[in-house]
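If you follow the hints, you should be able to join the two separate chains into one complex; please do so.
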Amino acid sequence: MRRRVFLVLLVLLVAPLAAQSPAAKLEVPFQQFKLANGLNVILHQDRSVPVATVNIWYHVGSANEKPGRTGFAHLFEHIMFEGSKNVKEGEFDTLLEGAGASNNASTANDRTNYYIDVPANALELALFLDSDRMGYLLDAMSPARVDGQRDVVKNERRQSYENRPYGMASLELDKMLWPAQHPYNWPVIGYMEDLTAASHADVVEFFKKYYAPANASLVIAGDIDHDRTRALVEKWFAGLPAGPPVPRVTAPAASLSAVKRATLTDKVALTRLHLGWLTPALYADGDAALDVASSVLSGGKNSRLYKRLVYDTQIAQDVYAIQQSAALGSSFLIVATARPGHSAAELQQAIDEEVDRLRREPPDAREVQRALNQIEASFYRRMERVNSKADQLNAYYFAGKPPDWFAEDLARYTSLTAAQVQSAIVRWLPADRRVELVVEPEPKR
Amino acid sequence: MNRLVVAFLAGGAVAACVAPACTRAPEAPAAADRSKPPALGAAPALTLPPIQRGALSNGLQVLLVESHEAPLVQVNLLIRAGSGDDPAGKFGVASLALAMLDEGAGARSALEIADAVEFLGADLSTTSSFDASAVRLNVPVARLTDALPLMADVALRPTFPQTELDRLRQERITALLQARDDAESVAPTAFARLLYGPSHRYGTDAMGTQATLKAMSTGDLRSFHAAMVQPANAVLVVTGDTTLDRMRPLLDQHFGGWKAGTAPARTPIAAAPQPAQGQIYIVDMPGAEQSQIRIGWVGVPRSTPDYVTLQVLNTVLGGPFTSRLNLNLRETHGYTYGANSRFTMRLAPGPFAAAAGVQTDKTSEALQEFFNELNAITKPVPADELGKAKNYVALGFPAEFETSQDLASRLEEMVIYRLPDDYFERYVANIQSVTPEAVQQAAATHIQPGRFAVVIVGDRKVIEPGIGALKLGPVRVLSVAEALGL
Numbered sequence: 001m002r003r004r005v006f007l008v009l010l011v012l013l014v015a016p017l018a019a020q021s022p023a024a025k026l027e028v029p030f031q032q033f034k035l036a037n038g039l040n041v042i043l044h045q046d047r048s049v050p051v052a053t054v055n056i057w058y059h060v061g062s063a064n065e066k067p068g069r070t071g072f073a074h075l076f077e078h079i080m081f082e083g084s085k086n087v088k089e090g091e092f093d094t095l096l097e098g099a100g101a102s103n104n105a106s107t108a109n110d111r112t113n114y115y116i117d118v119p120a121n122a123l124e125l126a127l128f129l130d131s132d133r134m135g136y137l138l139d140a141m142s143p144a145r146v147d148g149q150r151d152v153v154k155n156e157r158r159q160s161y162e163n164r165p166y167g168m169a170s171l172e173l174d175k176m177l178w179p180a181q182h183p184y185n186w187p188v189i190g191y192m193e194d195l196t197a198a199s200h201a202d203v204v205e206f207f208k209k210y211y212a213p214a215n216a217s218l219v220i221a222g223d224i225d226h227d228r229t230r231a232l233v234e235k236w237f238a239g240l241p242a243g244p245p246v247p248r249v250t251a252p253a254a255s256l257s258a259v260k261r262a263t264l265t266d267k268v269a270l271t272r273l274h275l276g277w278l279t280p281a282l283y284a285d286g287d288a289a290l291d292v293a294s295s296v297l298s299g300g301k302n303s304r305l306y307k308r309l310v311y312d313t314q315i316a317q318d319v320y321a322i323q324q325s326a327a328l329g330s331s332f333l334i335v336a337t338a339r340p341g342h343s344a345a346e347l348q349q350a351i352d353e354e355v356d357r358l359r360r361e362p363p364d365a366r367e368v369q370r371a372l373n374q375i376e377a378s379f380y381r382r383m384e385r386v387n388s389k390a391d392q393l394n395a396y397y398f399a400g401k402p403p404d405w406f407a408e409d410l411a412r413y414t415s416l417t418a419a420q421v422q423s424a425i426v427r428w429l430p431a432d433r434r435v436e437l438v439v440e441p442e443p444k445r
Numbered sequence: 001m002n003r004l005v006v007a008f009l010a011g012g013a014v015a016a017c018v019a020p021a022c023t024r025a026p027e028a029p030a031a032a033d034r035s036k037p038p039a040l041g042a043a044p045a046l047t048l049p050p051i052q053r054g055a056l057s058n059g060l061q062v063l064l065v066e067s068h069e070a071p072l073v074q075v076n077l078l079i080r081a082g083s084g085d086d087p088a089g090k091f092g093v094a095s096l097a098l099a100m101l102d103e104g105a106g107a108r109s110a111l112e113i114a115d116a117v118e119f120l121g122a123d124l125s126t127t128s129s130f131d132a133s134a135v136r137l138n139v140p141v142a143r144l145t146d147a148l149p150l151m152a153d154v155a156l157r158p159t160f161p162q163t164e165l166d167r168l169r170q171e172r173i174t175a176l177l178q179a180r181d182d183a184e185s186v187a188p189t190a191f192a193r194l195l196y197g198p199s200h201r202y203g204t205d206a207m208g209t210q211a212t213l214k215a216m217s218t219g220d221l222r223s224f225h226a227a228m229v230q231p232a233n234a235v236l237v238v239t240g241d242t243t244l245d246r247m248r249p250l251l252d253q254h255f256g257g258w259k260a261g262t263a264p265a266r267t268p269i270a271a272a273p274q275p276a277q278g279q280i281y282i283v284d285m286p287g288a289e290q291s292q293i294r295i296g297w298v299g300v301p302r303s304t305p306d307y308v309t310l311q312v313l314n315t316v317l318g319g320p321f322t323s324r325l326n327l328n329l330r331e332t333h334g335y336t337y338g339a340n341s342r343f344t345m346r347l348a349p350g351p352f353a354a355a356a357g358v359q360t361d362k363t364s365e366a367l368q369e370f371f372n373e374l375n376a377i378t379k380p381v382p383a384d385e386l387g388k389a390k391n392y393v394a395l396g397f398p399a400e401f402e403t404s405q406d407l408a409s410r411l412e413e414m415v416i417y418r419l420p421d422d423y424f425e426r427y428v429a430n431i432q433s434v435t436p437e438a439v440q441q442a443a444a445t446h447i448q449p450g451r452f453a454v455v456i457v458g459d460r461k462v463i464e465p466g467i468g469a470l471k472l473g474p475v476r477v478l479s480v481a482e483a484l485g486l
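Protein chains in written order, with the working numbering: chain R, 1 to 445; chain L, 1 to 486.
There is no bait here: all hints are sound.
Pairs of lysine to aspartate or glutamate, DMTMM-like flavour, derived with a Cα cap of 20 angstroms: (1) L:K36 <-> R:E89; (2) R:K88 <-> L:D33; (3) L:K461 <-> L:D284; (4) R:K301 <-> L:D115; (5) L:K36 <-> R:E124; (6) R:K301 <-> L:D166; (7) R:K66 <-> R:E205; (8) R:K307 <-> L:E171; (9) R:K301 <-> R:D312; (10) R:K175 <-> R:E440; (11) R:K85 <-> R:D139; (12) R:K307 <-> R:E346; (13) R:K307 <-> L:D115; (14) R:K301 <-> L:E112; (15) R:K85 <-> R:E124; (16) L:K379 <-> L:D306; (17) R:K301 <-> R:D318; (18) R:K175 <-> R:D194; (19) R:K444 <-> L:D181; (20) R:K444 <-> L:D284; (21) R:K88 <-> R:E124; (22) R:K88 <-> L:D384; (23) R:K88 <-> L:E331; (24) R:K34 <-> R:E124; (25) L:K36 <-> R:E91.
Hints listed in this document are in silico derivations from the structure and should not be mistaken for laboratory results.
Nothing here was measured: the structure is a model prediction, and the numbers come from that model.
Pulled out of the complex, with its shape left as it was, chain L reads as follows (with noise of 0.2 angstroms):
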């Protein structure tokens, strides 16, 4: 049993009152001095309950943590598999399979599961990402008997019918022709396809392509399901109004069964290879208001020993609304309504993007201010300013743990990467103590201005000549389709 104490630091605080000993008698109302911001308390330290531990009779661990606000019990039934685990030519597979389960499961068809899970107020989800899939439960605790019943099914004895295969693929097949005309999904999708190409697995979005759903399977999806989802590779999350006591039979009748296999050997993702010089990409939306903007490269692992340096970082650059790009071109210069700028952090290394909606005729100005911004943070950053972020990110954090979805979510956070058990009792100090030397050590690292992909998604005819002008690199012209690879 684990018990999660998190202390936090703030700089220079004043102690004057910890909650929750600030009981006080009503004062009179003290004459407010504005001259200057009140002082802050000590920071509250956040008590999480604990995280309870226990394994089903067929090996299946279960995390569980109570949370009793609510009258809604959380559970997760996470799978160590996901989009990443497709293999060439299958891109999809995961995705699909996730979505095809409440399409049939045990005696039930598509649509009596739908009714039955609605009709207890439950939502049940299934779904994948690149690194783990999941069937999540979320119910009112009066009607969990009735419910995890429905999931089990689900999760463990899907039937994969053609009928919604069919139906389901003509569905994704059409969202993914929808989304062409949508600026702010081109970009995204352009971005990682034109950074990873289309062999790399994070190149192609996690749905997959036109090609590979039209030859997909339902033996296609069995084999993954058969595959992928088995006792020793997945583990319940449960969070909210419940205990471990209560839930232990519970689970055990139904997932307790589960016939214990082998956990799959899983191929890691090669990373993939850097750009060697920057290049600009113009994608070709004639009469758009606006240029939806993407720079960047491939970034890192979850797994990265800089992931507590880059939140902070990240946080100074792209991060909350004063971040710097932000700052820059919303407030400053009022090109767009937000910049922000991520590290998508997966298993293998996830890109690394700036990103912005920008009016169109002042596309070349912004992308300077991109440059100007992505060049000057390789500089040392104050120490105010590194101060703020830093405690953005430490003080933010009890507001992470709020609801029993959050709370699974952290959990999950855990098991997929293999967090270690004191990761959140240890992640404020660590934040605290990131120094400005790291700061700027991660910073050359991993922002390298000179040799980013630019994906600049707008209407050409006006943006071209303003682009060509920056001499950023040499810039190519594509339609969405060519973006796109279709």
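So that you can see chain R by itself, here it is in the shape it has in the complex (with noise of 0.2 angstroms):
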């Protein structure tokens, strides 16, 4: 009987963005070749404003950390601006700030991103620097630079983690989720003491390891010629030694048997719950699911957790759910903050009420509707920068994906029904088998 119901929803969701044909919206246009050394390049022209963006994803992150130097992977990606062997100390920035150009990174379990904002005519500085660090790093490496940016690091995690208001949680989730083998239970940031015994050795180490044309995908997007760019890319890093291959990491499924409950202190004022699963990984069976089903959890003032626990019954000052998703595997998370006089226990009695809720029934047509419909929103919004359009082209390619999958992508969720929605809160979600992790505020002393 309910099966019949969701065929008739099937259709009532699917027709109306189909007519639409968002897909035609989502093209992106591109080329792609590998160099001898194995580097692959993704050309792709856009030439709205005459500039022009370098974005390099080397297939290496915090997952490939040895036990003993977690946090390897950021204080790596620190070390990459602090110069090569043609690029003084300080160079990398002061060349590209004078050319008015911005650059930054990032790291994350599974792959550190690089890129660099040029106008359209500093793009050849910008592949002479990256080509650089690519090839010859390890020519400027010293241990004083390696002990610079360790500081700087272990600044950024009291800034962002143990001076942060309930900072530390995250780390606490991730190390309850996931097994202790799991590369997915350490933190990005690291653990101090690991910071601490990072060497100069390490740093050689794990260059000649991970960073090598044939570990890396180069994107090049904005206001460029393509024959042009080609040469320049050839110019530039055909000359650099391939470099090992690296295999991918892998890691056994990993599952949560029971609850596993613990409470943090913290210098704040209000409680906050956490609850999280460990999911689909990312665009596995599940994973866009689950992001309709955040967003029916907590997508706006209608939303199911939201309109009953901030909206309602006040009871709450925040909630979010989310879908984190990684190439091993993901993680769910529910988080509220309890306003004064509430409890992490009412929070988690409301919460798991209404979860309850969609695990017995599932949401009204209009609510996965009006989540798909953001959805599709969020991808057009994407595509006015060729700074998300190149990092997203090699966030495709990283997958495994053709690297212009977007309109493929969008149709993981167009083509989603309530039922499944239903199905994958019942199977990915479940009361009895999570982490439980409250931050109570500290004893006034």
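Have a look at this one:
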């Protein structure tokens, strides 16, 4: 009986979006080639503004770290800005700023990305700098430079975790969610003692193992000429040695078999509750449905949890749900902060009732469509900036998809039914196999 | 109609190839000469689509810039009134009135508005700054006609329900309570309060205080809306995948019937007096792993004749990564994840502040380095450093026009600060013409470290002895509550 209802919903949900053909708006034409040394290159022309972006993903992240050296992939990312054989210390940023460019990088579990946004005339400068650090970083490296960035990264950790209200909770959550040997068990920022232990020898080993053309993908997007850009890429990158093959990190599938509970205290006024589950990997079956589930739970005033906890009963100051997708597996979090006078237990009971309601009955057609329409709009918004397009081209390539997988990615969502959202919640968000982490205010001294 | 053509003048650049005329046949890879960085070609000219102007039948002005890259339209109703217009005793009224606009409007309830907006995949925000307020709509172009009536209801026909006010009030009072736990939030709030005092508008956050929030009534919000949200006091800014011809009838339909009143007189905010002498405030957060530092005084208004010079000056001092403060405190000493400085320019002089979070056990060392740099900036800036800063600002300018939201922000800036039509056209040349003498003069006028207020939010027990030993000025110790005036 229930199944028949879902079939009707399916038609209702798919029809309006199919009629609008969003795919045509998400075309990102590209050229792709590989250099002999294995460097993957993707070019995308977009001449709306005279800027270009150079975006490199190295297929290494905190998941590649070895015990006792957590945080190293991120520390190494910092060191990549400290000069290379032909770029003196400080010159990387000085040259770019003098050309009107901006640049940054980020490290995640599975990858490290670097980008340089340049006025179109400064493209070759960016290629020179990126190729020099890809090929010749170690010629300029010294223990003193490692020490300098070690201090900076420790201060990054203090600022973003130790000294930030509730900052330590996310580190504790990963520790509780993932088994001890799983590469997502430790934080990308790393443990303080491991940052202390990182050495110049580690930098040498890490560079030789992971930082080479064969383990990287280069996207150049923006106001570029394909032929000239290709020639420039060959000029600066073709001479770099390929480097050893890097096997992708694997990990046995992780799951929780019971409820794991913990309580932290922090210098905060309000209690915060975190519920966490292990969920399907990025792009795996269930991943998109859980994105929609997070929207049904906490996207906007009418979402189930926001309306119940923040709008109606006002027992919470805020609530959010998120599917944190990653290559080896994802986690789904529901996080709520209690209003003064309300407890984590109260929050948990209300959340459990709402999630349980979704286990028993699928979300309404309108709730799902509302989420899908917002997701569709977010795909369009990403089309406006070459930097975001470039990063996404690399993200799709890295995941083994065609680089311009935008429309197909959106279709993962628009093809969903309310029943699929419901069954993802039933299967992946069970009440009896999860993490429950509470942060309570420290007792007043 | 106003066509913006901005020519970029790169210092010493070689005109090898001017985009977009540099299509060439594939060339054999040249051997890379790594002995020096490759020469830059001539910087590209940024040719922006024209700013199109129109007016609705009630006189409401429309500014529109087309951008067809993504199927999105941005429509902003900008109001020339903001938190800076909050009357004494009612600090927070602009912020709360704007936040209340989508909590009930026309025939719809708060939940109905949210549902309708989200169902369209739209983003509708209602916010105020010190200088202006805005209702901003970003929506896929296919759903524009459905979204505009909602936007018009929210902007023009809010109902200010008492129950929603009570809810938002409590949410804001709780947010103020939470902010007391966060050193990064306490530091700028305490800095502004200690610098401007409790009665100047800039001494209190836009949101107001617990006391002003408790006293706010729906009548206060209605009065603000009735007085300030007037066609004569507003401008519609439109960017994205549309045209003036397509927008005009739609805008007329939804905003043209809005009754024209008289623009309210705006009382200018008085410039706050500068501190007579340096003063150190330690705001005690026992056990803090870092000290959050803010150093500065009352800065300049957006209308300052030194605007362009100060953009260059601050780029040298505390703007991008290679600015002096960041290189010193982060790269040379490793005391922090990042240090910066900023002139917050509003209709009246906002604060100038240098800022960083530094590790607790290096607080006094970091303070000393801050003052070393603040003192050094008053001396002549070497030519290559100045050239780098000018190029950074001037050549990076095109990136500020990339998305429809970027374009709308630039247009809003023109409206709020009444910038001339050729402002963006001239900006790059103005930056490049800043002289070393002007920078030095501006530094002498606007950076006087001996009179700066210093706020340090950190673990007093550990940091106080070292700070006292620096003898930068008298030291006062405050609790978080005292620093925030609670």
